[in-house]
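Engineer: This is what each chain is made of:
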Amino acid sequence: DAKTTQPPSMDCAEGRAANLPCNHSTISGNEYVYWYRQIHSQGPQYIIHGLKNNETNEMASLIITEDRKSSTLILPHATLRDTAVYYCISPPRSGAGSYQLTFGKGTKLSVIP
Amino acid sequence: GAVVSQHPSWVICKSGTSVKIECRSLDFQATTMFWYRQFPKQSLMLMATSNEGSKATYEQGVEKDKFLINHASLTLSTLTVTSAHPEDSSFYICSARVPVGSDEQYFGPGTRLTVT
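Chains A and B supply the protein sequences, listed in that same order.
When you read off a place in the first sequence, starting at 1, and then add 2, the result is the number in the numbering used here.
When you read off a place in the second sequence, starting at 1, and then add 1264, the result is the number in the numbering used here.
These are calculated hints, taken from the structure and not from any lab test.
Hints may be right or wrong, so weigh each one.
[Unchecked claim] List of simulated lysine to any residue pairs, SDA-like, C-alpha gap at most 20 Å: (1) B:Lys1319 to A:Gln102; (2) A:Lys110 to B:Ser1307; (3) B:Lys1305 to A:Asp84; (4) B:Lys1305 to A:Ser112; (5) A:Lys110 to B:Asn1315; (6) B:Lys1305 to A:Asp13; (7) B:Lys1305 to A:Thr7.
[To be verified] Stretch by stretch, here's where chain B covers chain A in the computed footprint (C-beta under 8 Å, at least three residues): (8) 26-35; (9) 45-52.
The beta carbon of each residue, even a glycine, is placed where N, CA and C say it ideally should be.
Generate coordinates for the entire structure from the input sequences, incorporating the hints supplied.
Structural biologist: Quick look at the structure:
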């Protein structure tokens, strides 16, 4: 699976957009980028995923660069409830460990009032 | 979105006893479920992959005789921690993969195990 790199922490003012970057320079052509978040003492929550086109859903937007080596998760209007650890993951699509999610350290987003 | 439940949400047991944790996909069938463990201030670590009707595949370093996994139906997987020790105290989380239309996984709320 593609190795992903994220900043360890970020702060965001409540009501502003939170932009969380992720580098995945070794991603293969058929590997998706998935974003999950984990609020303290809860199971991770699926946010969004994409392959090469930008994606948007009710939770967030995902912007993937044209070369697919990096992406940005955007929470358009961050609230205090968005404080969590955000994980960017790109699981392998075939072979051993296919579809397995490997959780790194993620980015701890703190939304500040 | 797809819903995954876990039971119990927390459990306290004595050393040497066994504890069973259930993971259910409530509104979809999951041919593949995953079990993770998370120690305080650490990230999730995959323990095993559970496929319905077949033996689980364990990650390196996870004792299959200690962590028994059964995936007897398309909506239920169980993890039994046998002969529990205090070092098994952790947050256990399951996930279920949605096999049709997309590959995202949905996670249960987790089970906090404390072994005294």
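Engineer: Hint by hint, say whether it matches the structure.
Structural biologist: To see whether the hints hold, each was checked on the structure:
Between the alpha carbons of Lys1319 (chain B) and Gln102 (chain A) the distance comes to roughly 17 Å, so the proposed pair stays at or under 20 Å and holds. As the CA atoms of Lys110 (chain A) and Ser1307 (chain B) are separated by approximately 12 Å, the hinted pair is consistent with the 20 Å bound. A threshold of 20 Å between alpha carbons decides the hint, and for Lys1305 (chain B) with Asp84 (chain A) the separation of about 19 Å falls inside it, so the pair holds. Between Lys1305 (chain B) and Ser112 (chain A) the CA atoms are separated by roughly 16 Å; this keeps the pair inside 20 Å, and the hint holds.
Proposed proximity of Lys110 (chain A) and Asn1315 (chain B) is contradicted: the alpha carbons are some 32 Å apart, above 20 Å. Note on Lys1305 (chain B) and Asp13 (chain A): the hinted pairing holds, with a Cα-Cα distance of about 19 Å set against a maximum of 20 Å. For the proposed pair Lys1305 (chain B) and Thr7 (chain A), the alpha carbon gap of about 19 Å is at most 20 Å, so the pair holds. Requiring three or more residues with a Cβ within less than 8 Å of a Cβ of chain B, the coverage given for the stretch 26-35 of chain A is violated, as only 1 such residues are present.
For a cut-off of 8 Å, the count of residues in the stretch 45-52 of chain A with a CB near a CB of chain B stands at 5, and the three-residue condition holds.
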